[in-house]
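One-letter residues, chain by chain:
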Amino acid sequence: MNWKTFFAMLHRDGHVARRNLLPMLVQNLLQPLLLVFVFGRILTSSGMMPNQYKNILLPGIMAISMVLSGVQGVAMPLITEFQFTREIEDRLLAPMATGWLAVEKIVAGMIQALVAGLVVIPAAWLVLGSGVTISMSQPFEFAAICLLVALFSSAGGLALGVSVGQTQIGLMFSLVLAPMMMFGCAYYPWSFLKFFPALQYAVLINPLVYASEGLRGSLMPQVPHMPLAASIGALVAIDAALLVAGIQKFNKKAVS
Amino acid sequence: MAIGIRTDNLRKIYDTPPPSAARGAGFSFASQRSGAPKEKKKKLEVVALDGVTLEIEGGEIFGLLGPNGAGKSTTIGILTTRTQPTSGRAFIGEYDVWKQQVEAKRLIGVVPQRPNLDFALTAREILLFHGAYFGQSARERAERTEALLEKFKLTDRADHMVRTFSGGMMQRISIARAMMHDPEVLFLDEPSAGLDPQTRLLLWEIVRDYNRLGKTIVLTTHYMDEADELCGRLAIIDHGKIIAAGSPRKLKSSIPGGYLLRLKFESVPGELAAFLKAMPGVSEVRAGGQGALDVYADRGGPLIGPIVNAAQAMGIELRDVHIAEPSLETLFLHHTGRSLRD
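Residue numbers (this note's numbering), protein chains in the order written: chain A, 5 to 260; chain B, 1037 to 1378.
Take these hints with a grain of salt, some might be off.
[What the hints assert, rightly or not] Using 25 Å as the maximum straight-line C-alpha spacing, the simulated SDA-like pairs for lysine to any residue come out as follows:
| id | chain 1 | residue 1 | chain 2 | residue 2 |
| --- | --- | --- | --- | --- |
| 1 | A | Lys8 | B | Arg1142 |
| 2 | B | Lys1135 | A | Gly103 |
| 3 | B | Lys1135 | A | Thr102 |
| 4 | B | Lys1135 | A | Ala258 |
| 5 | A | Lys257 | B | Asp1086 |
| 6 | B | Lys1288 | B | Arg1269 |
| 7 | A | Lys256 | B | Leu1185 |
| 8 | B | Lys1189 | A | Thr89 |
| 9 | A | Lys253 | B | Asp1132 |
| 10 | A | Lys253 | B | Phe1155 |
| 11 | A | Lys257 | B | Tyr1050 |
| 12 | B | Lys1189 | B | Gly1230 |
| 13 | A | Lys253 | B | Gly1230 |
| 14 | B | Lys1135 | A | Val131 |
| 15 | A | Lys256 | B | Glu1139 |
| 16 | A | Lys253 | B | Asp1051 |
| 17 | B | Lys1135 | A | Ala234 |
| 18 | A | Lys8 | B | Glu1307 |
In short, the hints are calculated from the structure, not lab data.
All values derive from a computational prediction rather than experimental measurement.
Turn these sequences into a full structure, and let the hints steer you where they fit.
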């Protein structure tokens, strides 16, 4: 394995990401933070929502931001680079096996997702005001969940990026991402779906459920959440499946 | 040591629309339909290469000449790891291109038919990062980048994003990028398409200079003069098959007679064809239908007078005359019955 080439490509992605840092942060964080402000601040201050809702909302917003950064940081560039201009070709011609380029994209995407997720905590905390109780009693679980969510975000970004064409980007947002975010238990804990039994089981195919619930369980154990082991197990399985499918499809798409 | 290239009976059949490498080409070759008879939707199969065997020697400038869709870009795609052959093998030096991709990629530089630059970067960054991908030290890549920017007259635009560049500038930075890691073999897929005549001459000079360093150059073109001027040897490819190969001079001398007279009469009775065939210097006469006759001969103009007289004596009107001197164009016509530009 040619690590010099690998790190040069990581350096390239980092360079491009830094150049687009501000627009990227706005794209990934503005919408979630506005949601935090409306639901977490306005509605709780007015008494429409209990103060406790802030603690339910914050981990969900963190999960959404991380997943969106995977789409913005991996899927969108890949769609552009694989379109008719074939911008990715210079890296496909570098002396490294094709699959490693997919791995490099995943590593770069994970770094971006982790940055996006960790920025949300202080930002949301500021927006939400008093009443947010973050627990750091389970640092290892929290770190493991963060890494797994970041991997889900970037491996999912890879799988989407190599499956979706330039003309289907709008469709991807409305057909894949919007339902995923609404039914991803980001705005409510999974247990609250008990009044909709069919839905409660249907949403279990949504990876974002485990991301939101896992972050909730490791960051705010005082609010209702799934057992951490269930979230971790599901995320490991989903990550592995996306990784294998994404890299396979990438390899196929890379050659004609 | 100069690196040679070998291909062994390469075949490529696309079952989806041919992608990047060969895109832009109008596919004119025979398509077949396949699949079990039960299949409702039959798959379209496009035969892009049909048994291409080539031997390119280390240190030569080799040209692939053919019309659009002949299989030039597919051949380059296979030789540069970007296209998987359906069957057959290709070697860069001692490495099997498909099985030892990383080793093969170290030896080659590729200038694609259409610039595939990294549009997120500036011209200077494109070269710097390309050097880094190939493991060059920071100092080495900085030096080479400056030298190449200077050579390709891009220094004053070096820090601009390449997406703002004109077509010619994109082509120049593409070539500079392909040379950045000092590859032993340089592939250029229709390098002068879209270049102005001046830049084209600059390109030829750069290609020759690079070749003088002992590097192997493979280029595709559909310009006769480019093949004639630049290539030590070339292969003419059409419908995915090599129809002739050799040095331009040898290829041209292989055409019977050398000169080609394309004549058009109002009609062609047998006696006229027989008369033409019997004329001194004429080696071959081919009927093209609707009064068209192609006459291969060892001279051009001097034959016209007698032909006009004979036609008049037989009461046949001569409607059009075109004389082509020995060239690759006539060679192509001789082998395919079509003009390269058709």
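Right, here's what the structure says about each hint:
Pair hint lysine 8/A plus arginine 1142/B holds up; C-alpha atoms about 13 Å apart against a cutoff of 25 Å. With a CA separation close to 14 Å, the supplied pair lysine 1135/B and glycine 103/A stays within the 25 Å bound. Restraint check: the Cα-Cα separation between lysine 1135/B and threonine 102/A comes to about 12 Å, which is no more than 25 Å; the hinted pair holds. Annotation: proposed proximity of lysine 1135/B to alanine 258/A holds, straight-line Cα distance about 15 Å (limit 25 Å).
Proximity of lysine 257/A to aspartate 1086/B is assessed by CA-CA distance (about 23 Å); at most 25 Å being required, the pair is judged to hold. For the hint pairing lysine 1288/B with arginine 1269/B, the CA-to-CA distance comes to about 12 Å; that is within 25 Å, so the pair holds. Between lysine 256/A and leucine 1185/B, the direct Cα distance comes to roughly 35 Å. Violation of the 25 Å bound is thereby established for this hinted pair. Using a Cα cut-off of 25 Å, the hinted pair lysine 1189/B and threonine 89/A holds, with the two alpha carbons roughly 24 Å apart.
Distance restraint check for lysine 253/A and aspartate 1132/B: the Cα-Cα separation of roughly 24 Å lies within the 25 Å cut-off, and the hinted pair is therefore satisfied. Restraint check: the Cα-Cα separation between lysine 253/A and phenylalanine 1155/B comes to about 24 Å, which is no more than 25 Å; the hinted pair holds. At roughly 14 Å between alpha-carbon atoms, lysine 257/A and tyrosine 1050/B fall within 25 Å of each other, so this suggested pair holds. The straight-line distance between the Cα atoms of lysine 1189/B and glycine 1230/B is roughly 18 Å, inside the 25 Å bound, and the hint therefore holds.
Distance hint between lysine 253/A and glycine 1230/B is unfulfilled; the C-alpha atoms sit about 34 Å from each other, more than 25 Å. Between lysine 1135/B and valine 131/A, the direct Cα distance comes to roughly 56 Å. Violation of the 25 Å bound is thereby established for this hinted pair. With a C-alpha separation of about 20 Å, the suggested pair lysine 256/A and glutamate 1139/B falls inside the 25 Å cut-off, and the hint holds. Using a Cα cut-off of 25 Å, the hinted pair lysine 253/A and aspartate 1051/B holds, with the two alpha carbons roughly 17 Å apart.
With a C-alpha separation of about 42 Å, the suggested pair lysine 1135/B and alanine 234/A falls outside the 25 Å cut-off, and the hint is violated. About 75 Å separates the Cα atoms of lysine 8/A and glutamate 1307/B, which puts this hinted pair outside 25 Å; it is violated.
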